[in-house]
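There are 2 protein chains.
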Amino acid sequence: MVTLRDVRDAAKRIEGVAHRTPVIQSRTLNDRAGARVFLKAENLQRMGAFKFRGAYNAISRLSAEQLTRGIAAFSSGNHAQAVALAARELGSTAVIVMPADTPVSKLDAVREYGAEIVTYDRYTEDREAIARRLAEERGLALIPPYDHPDIIAGQGTAALELLEEVGELDAIVVPISGGGLIAGSATAAKGVQPSIRVVGVEPEAGDDTRRSLAAGERVRIDVPRTIADGLTVSTPGELTFPINRALVDEIVLVSDDELRDAMRFAVDRLKLVIEPSAATTLAALLNHRLDPVPARIGVIISGGNVGAARLAELLG
Amino acid sequence: MVTLRDVRDAAKRIEGVAHRTPVIQSRTLNDRAGARVFLKAENLQRMGAFKFRGAYNAISRLSAEQLTRGIAAFSSGNHAQAVALAARELGSTAVIVMPADTPVSKLDAVREYGAEIVTYDRYTEDREAIARRLAEERGLALIPPYDHPDIIAGQGTAALELLEEVGELDAIVVPISGGGLIAGSATAAKGVQPSIRVVGVEPEAGDDTRRSLAAGERVRIDVPRTIADGLTVSTPGELTFPINRALVDEIVLVSDDELRDAMRFAVDRLKLVIEPSAATTLAALLNHRLDPVPARIGVIISGGNVGAARLAELLG
Chain A
1 MVTLRDVRDA AKRIEGVAHR TPVIQSRTLN DRAGARVFLK AENLQRMGAF KFRGAYNAIS
61 RLSAEQLTRG IAAFSSGNHA QAVALAAREL GSTAVIVMPA DTPVSKLDAV REYGAEIVTY
121 DRYTEDREAI ARRLAEERGL ALIPPYDHPD IIAGQGTAAL ELLEEVGELD AIVVPISGGG
181 LIAGSATAAK GVQPSIRVVG VEPEAGDDTR RSLAAGERVR IDVPRTIADG LTVSTPGELT
241 FPINRALVDE IVLVSDDELR DAMRFAVDRL KLVIEPSAAT TLAALLNHRL DPVPARIGVI
301 ISGGNVGAAR LAELLG
Chain B
1 MVTLRDVRDA AKRIEGVAHR TPVIQSRTLN DRAGARVFLK AENLQRMGAF KFRGAYNAIS
61 RLSAEQLTRG IAAFSSGNHA QAVALAAREL GSTAVIVMPA DTPVSKLDAV REYGAEIVTY
121 DRYTEDREAI ARRLAEERGL ALIPPYDHPD IIAGQGTAAL ELLEEVGELD AIVVPISGGG
181 LIAGSATAAK GVQPSIRVVG VEPEAGDDTR RSLAAGERVR IDVPRTIADG LTVSTPGELT
241 FPINRALVDE IVLVSDDELR DAMRFAVDRL KLVIEPSAAT TLAALLNHRL DPVPARIGVI
301 ISGGNVGAAR LAELLG
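Chains as they are written, first to last, in the working numbering: chain A, 1 to 316; chain B, 1 to 316.
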């Protein structure tokens with residue numbers, strides 16, 4: 001298991017390296033949501049998403065020898081950039097296994113951080129197997145996107161900062177993919193304030209965690225086809241699932257149309273660029289998915305890596 | 001004249017009403033600019049721009065009787081929203097004279113804040129005359145967009161907060177329209193740190209302040225045709241010009257294409273929505289208009305009111 005202590009230790013490791021991102025409030029959002037909402041703007045984090053927190057925390061704990069040999073990772077996008085940047089910051093190198101249909105802006109960003117990219121077809125190939133083979137062949141440390149205690153603890157630092165800054169909250173709302181962000185957030189939030197309600201949000205087409213929690217075991221669904229390209233896993237993580245089963249209070253779903261509307265709201269009213277995966281939580285609030293509505297809600301805005309051309313397309 | 005003391009007094013008046021906006025840093029921007037850059041994100045200010053600071057400061061100083069009679073204002077956009085919101089916050093009402101070709105998102109926002117709108121043709125009619133007549137007829141207090149000491153002092157509070165937060169800077173870079181923001185910023189910045197270099201940025205098509213400073217007197221140009229719809233004045237303010245003549249060190253120009261590129265950079269790399277007028281300062285840094293390049297640069301990102309549809313068009 002991961003504990004509040006692990007999250008606090010991670011917070012010390014990333015201090016001065018990761019941004020302490022701002023908490024943003026909007027009267028218009030409060031009016032629309034019927035609550036006081038505090039947005040932890042991880043789209044303004046380094047490399048544009050919360051993922052840097054976990055990657056840096058995990059890689060900083062590797063031996064000097066391992067850092068010399070290098071890192072391997074597989075990711076649909078943001079974890080790739082996070083590992084590439086964290087590896088470079090720690091004087092190491094990274095090889096990233098990425099889906100061939102990853103948005104070009106994300107491929108470019110990973111290359112800019114100096115990492116090598118190996119692509120695969122996410123509808124037919126097993127990224128984890130490819131990455132494991134690469135890691136074995138080259139002696140690389142495999143840093144998974146969510147199923148790792150140091151990743152989970154690192155991701156929890158955003159919720160920890162949020163609670164430190166705004167004080168007690170009635171609920172925290174977090175997007176779910178593999179479950180690392182919400183597992184870390186729930187560990188941090190319930191550690192600091194046991195009464196807090198932890199709400200996860202999934203796209204309608206990618207409700208593997210909701211189904212798994214209902215079934216009491218990890219359920220596998222088809223690879224989700226949704227505009228939320230960061231949330232396309234088929235099944236919850238092995239490590240994250242038991243944590244989320246213990247700590248997550250409810251899961252709500254949002255449609256792709258609601259994600260588009262939430263992105264438009266973010267541009268028009270918040271002046272923030274958020275990626276479709278990050279729009280899940282905002283969409284849940286704008287469409288009153290939480291019942292009853294908590295009075296004070298913390299929200300993790302998970303990332304902003306959408307690219308100008310794709311954003312224009314989604315807003316158009 | 002306006003003094004540092006006036007800016008500090010304004011800061012007290014707006015405290016707890018205006019947002020203390022975050023200061024944002026980006027490694028990529030630093031690399032591109034060849035400097036350490038601190039962005040004061042006034043696009044995240046209430047109503048989406050710095051203008052709320054000046055409007056609230058000015059309106060809060062009116063008598064109770066005047067607040068009951070109401071406010072009048074003329075503006076190409078953001079000052080309109082600022083006056084509408086500040087009037088509502090202070091229990092007053094507002095009538096705003098706005099160009100007929102104002103982006104719909106700005107008209108809607110002003111209406112949402114409960115103000116009445118009167119439109120005019122900005123290529124043929126005199127908005128100031130229209131507003132003065134209205135104010136006289138109805139007994140309204142006319143709050144001009146820049147030529148007013150309380151407006152100038154209020155706008156200076158953003159630069160004051162920036163210097164308080166990040167410490168000494170070598171330069172501060174500010175967009176220029178009527179000159180209220182830069183007059184207030186220069187007053188605050190040189191008051192706190194006399195050695196600071198104050199740089200103004202204008203669109204190439206709207207360089208009335210650059211020409212006026214060169215001529216030593218206020219020069220009038222044709223109404224500028226630029227995508228920077230917030231910077232389309234023809235001549236510097238009567239009150240702002242002498243302040244800027246005394247305190248502004250240099251003015252640099254940027255093209256509309258450079259504004260579009262800077263907006264795209266803001267979306268792709270900063271995850272911020274900024275309006276074309278606000279992109280001036282970023283464009284100046286990305287295109288190395290400052291020579292020599294100061295080591296530590298403060299930038300006022302003036303606003304984010306562009307609207308999702310227009311943003312998509314500009315990015316496309």
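None of these hints come from the bench; they were simulated from the model.
Glycine included, every Cβ here is placed at the ideal spot set by N, Cα and C.
Keep in mind that a hint or two might mislead.
Unchecked claim - Computed spacing ranges between beta-carbons, pair by pair:
#1 A:D257 with B:R133: 42 to 50 Å
#2 B:N30 with A:V118: 49 to 57 Å
#3 A:E128 with B:A100: 40 to 48 Å
#4 B:N30 with A:R61: 26 to 34 Å
#5 B:V293 with A:D126: 27 to 35 Å
#6 B:R225 with A:V118: 26 to 34 Å
#7 A:T3 with B:Q66: 58 to 66 Å
Outcome of the hint check:
no.: 1; hint: A:D257 with B:R133: 42 to 50 Å; in the structure: 47 Å, holds
no.: 2; hint: B:N30 with A:V118: 49 to 57 Å; in the structure: 30 Å, violated
no.: 3; hint: A:E128 with B:A100: 40 to 48 Å; in the structure: 59 Å, violated
no.: 4; hint: B:N30 with A:R61: 26 to 34 Å; in the structure: 28 Å, holds
no.: 5; hint: B:V293 with A:D126: 27 to 35 Å; in the structure: 49 Å, violated
no.: 6; hint: B:R225 with A:V118: 26 to 34 Å; in the structure: 50 Å, violated
no.: 7; hint: A:T3 with B:Q66: 58 to 66 Å; in the structure: 59 Å, holds
Violated hints, in rising order: 2, 3, 5 and 6; the structure is consistent with all others.
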